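Produce the complete structure using the sequences and hints provided.
There are 2 protein chains.
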Amino acid sequence: MVDVAVVGAGQTKYGNHPSGLKAMWAEAASKAFSSIDGDFKPEMIDEAFIGTIAFGGAQLGNTAALLTEHSGMDGIAVRRVENACASSGFALRDAWMAIKSGQADVVVAGGIEKMNDLTPERKRYWLGVSGDTEWERLAGLTFPGTYALMARRYFHEHDSTHDDLVHVSVKNHHHGSMNPQAHIQKEVSFEKAAGGFMVADPLTLYDCCPTSDGASCVVLAADHVARRMTDTPVWIRGSGAASDRLALHDRPSITQLKATQTASTKAYAMAGLDATQIDLAEVHDCFTIAEVIATEDLGFAPRGAGGQFAREQQGSVNQGNTTINASGGLKSKGHPLGATGTGQVVEVFKQLRHEVGTSRQVRDAETALTHNVGGSGATCAVHVFGRER
Amino acid sequence: MVDVAVVGAGQTKYGNHPSGLKAMWAEAASKAFSSIDGDFKPEMIDEAFIGTIAFGGAQLGNTAALLTEHSGMDGIAVRRVENACASSGFALRDAWMAIKSGQADVVVAGGIEKMNDLTPERKRYWLGVSGDTEWERLAGLTFPGTYALMARRYFHEHDSTHDDLVHVSVKNHHHGSMNPQAHIQKEVSFEKAAGGFMVADPLTLYDCCPTSDGASCVVLAADHVARRMTDTPVWIRGSGAASDRLALHDRPSITQLKATQTASTKAYAMAGLDATQIDLAEVHDCFTIAEVIATEDLGFAPRGAGGQFAREQQGSVNQGNTTINASGGLKSKGHPLGATGTGQVVEVFKQLRHEVGTSRQVRDAETALTHNVGGSGATCAVHVFGRER
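Residue numbers (the numbering used here), protein chains in the order written: chain A, 277 to 665; chain B, 277 to 665.
Check the hints yourself; a few may be wrong.
Heads up, the list lumps identical chains together, so a pair's fine if it works in one copy or across two of them.
Stated by the list, open to error - Cut-off 35 Å, straight-line C-alpha distance, at most; resulting in silico cross-link-like pairs (DSBU-like, lysine-lysine): (1) K542 - K399; (2) K468 - K317; (3) K307 - K399; (4) K542 - K468; (5) K462 - K317; (6) K399 - K317; (7) K468 - K298; (8) K298 - K399; (9) K462 - K289; (10) K317 - K542; (11) K468 - K534; (12) K317 - K534; (13) K317 - K298; (14) K307 - K542; (15) K317 - K307; (16) K289 - K317.
I should point out that these hints are in silico values taken from the structure, not numbers from a laboratory. Keep in mind the model is a prediction, meaning the values are calculated, not measured.
Okay, here's the thing in structure tokens:
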């Protein structure tokens, strides 16, 4: 079976973009293409998988074809993949399978979202539909509220307080302050984050990721062509994906995500690695509590010890065994929904090629993981990467 | 490389459904499952790909996971695939690649749409966004208008008049009158169809497909498990997909679809068959002119002779070499957008197993083709099937 490598990756800065969707996608694609140092022309691309949810409030349609006609991918087989905030994590998986299938040698996976030209009402709507509608959204539960319930229950079950979440926020803002692609590039003090404006008790402003505009694009290639395209491919060593019930009340526990556990177990097994062997992980911290829970679900901390993991700054760059969200994560790098999954890969690509160039670089990074979640855990895609196959 | 078979297929009746989206999907899935005569449990399903566009006007989200949690596919990797009206044609292709990749043995592809609880305005909106927005939709061009332009130009370029389109309508209504799953199960006379209410000159009501509710579901399996699941698998012998510019003005010709030509050329080559060897084809006749053009693009008639093909009733069941739209097609069977592509496979599955049971059965059918188009040709997926591999 063919091995699959990431040979190029690029993204727009995340934030509030004045430019339109097509221009944003073209920028991300163009950056991905120009990151390929060897033999490459866009005509080599066989297929494209593009993740997006609202696509600017559904103002445009046939999204994938619309984007690719403007970015040098004319005429190829393209499709939109939509799984709420895990859209481009699944686009990546499907692109990887397309190469594994032997039907394609070079495949693009990417994502895009434009949130900041929506009214606050439409923004809330498009975020809301990513979760359960019948029991949660229509009863008034927003996403901060959903994760607030999970946080409260987590504090009840385990040795943890809101202070642990503050540590996550401080760390991710610290990492993000060194990332020129991040939406929010500034440090936040413990005191400031601890005393933030309350959004949904116990979550404050500093526990919630921003809603960002952004696009990200990665180029995957089969092993027999990857080596011609770059001397430093980043190999996809494992892929796992899973789903779960949408509504919290339908799950046996709301302090763990079964979809993350299933997806990561599969990805680790395929990669022949366990959590202790991962040098850096980009995890889906839409809210700080999500990072604490992910640290456990992905095996970086034992069950119930995610709070302590955060408190002890074990995820800070080059502090512990595994750096968590060296990019700044969704909290600081930003969260352009459909773009987030492949945006995580952009970070991993740079990190594993040792190209970050600031103290955000994880030293001697050899292995990495991305963790992309849809809704409050209804869908999840996990990928494991390595400098070696 | 593993061969892939359709081992089960089912759908709701197309039409105006009082039931909700989840119930519709569960019905289609349950029918697909119960069509499997051998060894099968839903737990055997590894992945699911589900096509939908509006999903009831985007009232619900994380669509794929929402549907699968209610249909015996709990926890597996699922995603929504969206390519306008070609959504489930691409879901089928991606499901096929998932098995080809060796990562999955049993995969579900399906689609769903609920159009009839939308207001006329929202219906027009969700149909409209499947085409070009900037140059066409926002200028007031609707889909009937788009295809009317193509029809007018076709009559100008070729030996054809509106009467040829009437023949398509009469034929598809005749086929659909024998299909208990069809939205419109009645014959239409030439006179009635010729004198229909004008929608967009030259297209009348009888040139336009209805907007339907419906769900369809097919189960694919790798060769080594397919044989345990059924004695009469239907093999996917070829798959091709392509994209094109969204706006008509961006294409060298508006009387042919380049995406159809590219996709079918690939699918035929993979199958080792040409158009003359196809016994039946389910083609994307969202408007009658689309069937005329598809007959040419797929190679059933020479360029410019699609009108004559229709006029001579060459596509009528058991009349010519290839039966076109034995199910009734989108015109009579109906068009629940995201469900249409895999709905075409439901027909092919029955036809190639010789299970239709009415005079709609194509005699001794050995090979078949499905043709699923998104927008006015911006995306297209073509699949070739056979009783033999």
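Violations among the numbered hints, reported as their numbers in ascending order: 2, 4, 5, 6 and 7
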